[in-house]
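Chains A and B supply the protein sequences, listed in that same order.
Quick note: the first sequence uses numbering that gives the first Met the number 0, first residue 0, plus one each step.
Quick note: the second sequence uses numbering that gives the first Met the number 0, first residue 0, plus one each step.
Just so you know, these hints were derived from the structure itself, not from any lab.
Check the hints yourself; a few may be wrong.
Stated by the list, open to error - On the chain B side, residues computed to face chain A include the following (Cβ under 7 Å):
#	residue
1	R28
2	V34
3	A45
4	M51
5	W53
6	Q97
7	Q98
Glycine included, each C-beta is placed from N, C-alpha and C at the ideal position.
Given next are the chains, with one letter for each unit.
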Amino acid sequence: MALLQISEPGQAPDPHQRRIAVGIDLGTTHSLVAALRHGVPECLPDAQGRVLLPSVVCYLDGQRRQVGHAARALQAEHAGDCIASAKRLMGRRLADVAGAAQLPYELVDQPGMVAVRTRQGLKTAVEVSAEILATLRQRAEDSFDDELFGAVITVPAYFDDAQRQATKDAAQLAGLNVLRLINEPTAAAVAYGLDHGSEGLYAVYDLGGGTFDVSLLRLSKGVFEVVATGGDAALGGDDFDHLLAGWALQQADRQTASAADRGALLAAARSTREELSSRDSAVLECLLGGRPLRVTVSRAQLEALCAPLVERTLAALRRVLRDARVQRDEVLGVVMVGGATRTPMVRRAVAEFFGPGAEARVLTNVNPDEVVAIGAAIQANALAGNAQDGQLLLLDVIPLSLGIETMGGLVERLIERNTTIPVAKAQEFTTYQDGQTAMALHVVQGERELVADCRSLARFELRGIPPMAAGVARIRVSFQVDADGLLSVSARESVSGVEASVVVKPSYGLADDQVAQMLRDGFAHAQQDMQLRALREARVEADRLLLATQSALQADAALLSEADRRDIELLMGVLREAAQGSDHDAINAAAEALARGTEGFAAARMNRGIRQALAGRSIEDV
Amino acid sequence: MNIGDDDFTLFGLPEAFAVDGARLDQRWRELQTEVHPDRFAAQGAAAQRVAMQWSVRVNEAYRRLKDPLSRAAYLCERRGAPIDAECNTAMPRDFLMQQMAWRESLDDAQDAPALHALHAQLDSDEQALLQRLQQALDVQPDAPAAAAQVRALMFLRRFRGDLERRLDALDA
Numbered sequence: 000m001a002l003l004q005i006s007e008p009g010q011a012p013d014p015h016q017r018r019i020a021v022g023i024d025l026g027t028t029h030s031l032v033a034a035l036r037h038g039v040p041e042c043l044p045d046a047q048g049r050v051l052l053p054s055v056v057c058y059l060d061g062q063r064r065q066v067g068h069a070a071r072a073l074q075a076e077h078a079g080d081c082i083a084s085a086k087r088l089m090g091r092r093l094a095d096v097a098g099a100a101q102l103p104y105e106l107v108d109q110p111g112m113v114a115v116r117t118r119q120g121l122k123t124a125v126e127v128s129a130e131i132l133a134t135l136r137q138r139a140e141d142s143f144d145d146e147l148f149g150a151v152i153t154v155p156a157y158f159d160d161a162q163r164q165a166t167k168d169a170a171q172l173a174g175l176n177v178l179r180l181i182n183e184p185t186a187a188a189v190a191y192g193l194d195h196g197s198e199g200l201y202a203v204y205d206l207g208g209g210t211f212d213v214s215l216l217r218l219s220k221g222v223f224e225v226v227a228t229g230g231d232a233a234l235g236g237d238d239f240d241h242l243l244a245g246w247a248l249q250q251a252d253r254q255t256a257s258a259a260d261r262g263a264l265l266a267a268a269r270s271t272r273e274e275l276s277s278r279d280s281a282v283l284e285c286l287l288g289g290r291p292l293r294v295t296v297s298r299a300q301l302e303a304l305c306a307p308l309v310e311r312t313l314a315a316l317r318r319v320l321r322d323a324r325v326q327r328d329e330v331l332g333v334v335m336v337g338g339a340t341r342t343p344m345v346r347r348a349v350a351e352f353f354g355p356g357a358e359a360r361v362l363t364n365v366n367p368d369e370v371v372a373i374g375a376a377i378q379a380n381a382l383a384g385n386a387q388d389g390q391l392l393l394l395d396v397i398p399l400s401l402g403i404e405t406m407g408g409l410v411e412r413l414i415e416r417n418t419t420i421p422v423a424k425a426q427e428f429t430t431y432q433d434g435q436t437a438m439a440l441h442v443v444q445g446e447r448e449l450v451a452d453c454r455s456l457a458r459f460e461l462r463g464i465p466p467m468a469a470g471v472a473r474i475r476v477s478f479q480v481d482a483d484g485l486l487s488v489s490a491r492e493s494v495s496g497v498e499a500s501v502v503v504k505p506s507y508g509l510a511d512d513q514v515a516q517m518l519r520d521g522f523a524h525a526q527q528d529m530q531l532r533a534l535r536e537a538r539v540e541a542d543r544l545l546l547a548t549q550s551a552l553q554a555d556a557a558l559l560s561e562a563d564r565r566d567i568e569l570l571m572g573v574l575r576e577a578a579q580g581s582d583h584d585a586i587n588a589a590a591e592a593l594a595r596g597t598e599g600f601a602a603a604r605m606n607r608g609i610r611q612a613l614a615g616r617s618i619e620d621v
Numbered sequence: 000m001n002i003g004d005d006d007f008t009l010f011g012l013p014e015a016f017a018v019d020g021a022r023l024d025q026r027w028r029e030l031q032t033e034v035h036p037d038r039f040a041a042q043g044a045a046a047q048r049v050a051m052q053w054s055v056r057v058n059e060a061y062r063r064l065k066d067p068l069s070r071a072a073y074l075c076e077r078r079g080a081p082i083d084a085e086c087n088t089a090m091p092r093d094f095l096m097q098q099m100a101w102r103e104s105l106d107d108a109q110d111a112p113a114l115h116a117l118h119a120q121l122d123s124d125e126q127a128l129l130q131r132l133q134q135a136l137d138v139q140p141d142a143p144a145a146a147a148q149v150r151a152l153m154f155l156r157r158f159r160g161d162l163e164r165r166l167d168a169l170d171a
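Extracted from the complex, chain A is given alone in its bound form (with noise of 0.2 Å):
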């Protein structure tokens, strides 16, 4: 991929060609995909009409596998088999897994990113995760009948650059073009239309399935600044249902005395506080041991019973504003996220919170189970060129410091948390001991002074540096945040004149090699269609290359001499002649080796484009 076509900002070059884009929530109970259809973001659904994937992937004998509802259906029978919630598992060692011990399945550490074991062997939630995102992109491109162009998916505003640089691993596997990472509230806020010319606090009040999450956004002219984040990895909206389900079991002097039966309970007990937002009134019914469960439930019982939860809920939204040090009042808006959220308490506790009059700023009209994957499919549709008017520019913060560990366990720290990205920032540092011929280079994010108190990133040394007295060599460690919030480390010593640099991608154990192994392992799909999709692809890749070369040439010609010319001419009539054939790698090659070649020509043009559009600037101005 190298050559580009040079358009309006914000436009597609074909107006007749809508690129289609996507917008994915993957979620730690259920994920959604949305997209614009005539213009209206809306969530797509499967073939039974259903938008929620839950979050469950379950591996059975001779490589079979079952993703979403059929999954969950299995929970109880293969519960080791069955993994659901590997977001709590993305990026993440043994050691900091939550409640690990309660989980129904079993946990392997390895260097880098915990795995379960399973019938198929190991998996990682890499692995898993993308399995969700292979079915929500098939889900995709049922509903348009075309390849997806690409997909925003959306991450918690507290994930570190493991978690996210896992988060992109998992739709690489998944055959997705990512166009961003964006932060969960960041989308919720976008899909309530508040990066058009709101300024000043949003609060998002994320109650899932199985997590709170509660983010301070602060808004202005486009750039949505994280303040603060907070909430409660253990409480969610299961933990109603639970609290409801045993209530019940009281009330009627009954036990349950199978996973089956816990199971029907539970989902008696979820559907009864359901019907209870929207009624005074309910009945609890299930079967439990073939024999009937029936429990009547007002409003005000539940209410009484999940009040410590909400309560909790608070305690956490109190936490986050003392951490940002922002007032109840200065906070303008309240976005809900979340199916719990339709609880008329969740809605009044919330509103009672923020004092007076609050209830209008407690924003509830986008259904909160979508509202994450609709704001991520309105900045996918403008990524993709597609937004008419091309002006939705989110300009994310990185989460947390990112520094390098010094002598003494302590820790540098060359960028600072909220820093708006991309940014790149660079430091020299210096040799220890006379003669010292490499370096080990520590990176690590997180806002303490003590390394052991951070998150390790990545480790690397930088060897072949020629020996010096201490403190005479010059090591120049740069940092480059990209605008997903992904971290790339290099080092140099540059007294001597002797280039030895490294580039490392923070890793938590997926090395780029092993991804292509995993693609290559078939991953997600059958070995023929494979084939089959890698050669469409390369051929529609190749024509788009070509297509947007021969445009660029007619364009531009003046840019280049007339040598370069003629290279750029032979290099477009090799890959012509390889997209005849049907060998997809042969067509790759000559497709990268005409990127390559034209890399030059395209970087000028940009930059060309750019300066005119800043010069033009400067005239209005003036």
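Since the structure of chain A is provided, determine the placement of chain B on it from the hints.
Using the frame of chain A, we list chain B on its own:
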């Protein structure tokens, strides 16, 4: 317009310490609207790389111009009087007295009200130092004197950090 242009040229602002904050913010947003990689998401890797370089450059200049201290340091350096805080500790003579007064106040302060009072004192002292810095940069102009003021302000910031940690410890 070049990526290597100085921060003021890039933002179309006069090269001076006094900066119109609203105009700086607006200009930053305009520039990011033109150069952010998201605007080129559909245009391949080379375009992304170039856009990223520009976007990083614009953020760097914005951060430097936004903070009065880094803006002043940048101006001093451009005028041949780099700050070099590690090897040059020249500060205005009367600032030493002020430093000693702060230290004594911090040692004497035993409770939150006393610490808050010192915090307020630091805020007003900082304003006075910034005023003098503007004199040295925009009026006289005297770059070495300005650099000495910048070092004094850097000291003030570190001192305020110590004070805020004491306040945090009281809250906890």
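Status of each hint after checking the structure:
1. R28: It holds, given that the least Cβ distance between R28/B and chain A is near 5 Å, below 7 Å.
2. V34: It holds, given that the least Cβ distance between V34/B and chain A is near 6 Å, below 7 Å.
3. A45: holds, 4 Å
4. M51: Since chain A brings a Cβ to about 5 Å from M51/B, closer than 7 Å, the hint holds.
5. W53: holds, 6 Å
6. Q97: Hint on Q97/B: violated, closest Cβ of chain A at ~28 Å, above 7 Å.
7. Q98: violated, 24 Å
Going down the numbered hints, you'll see the structure goes against 6 and 7, while the others check out.
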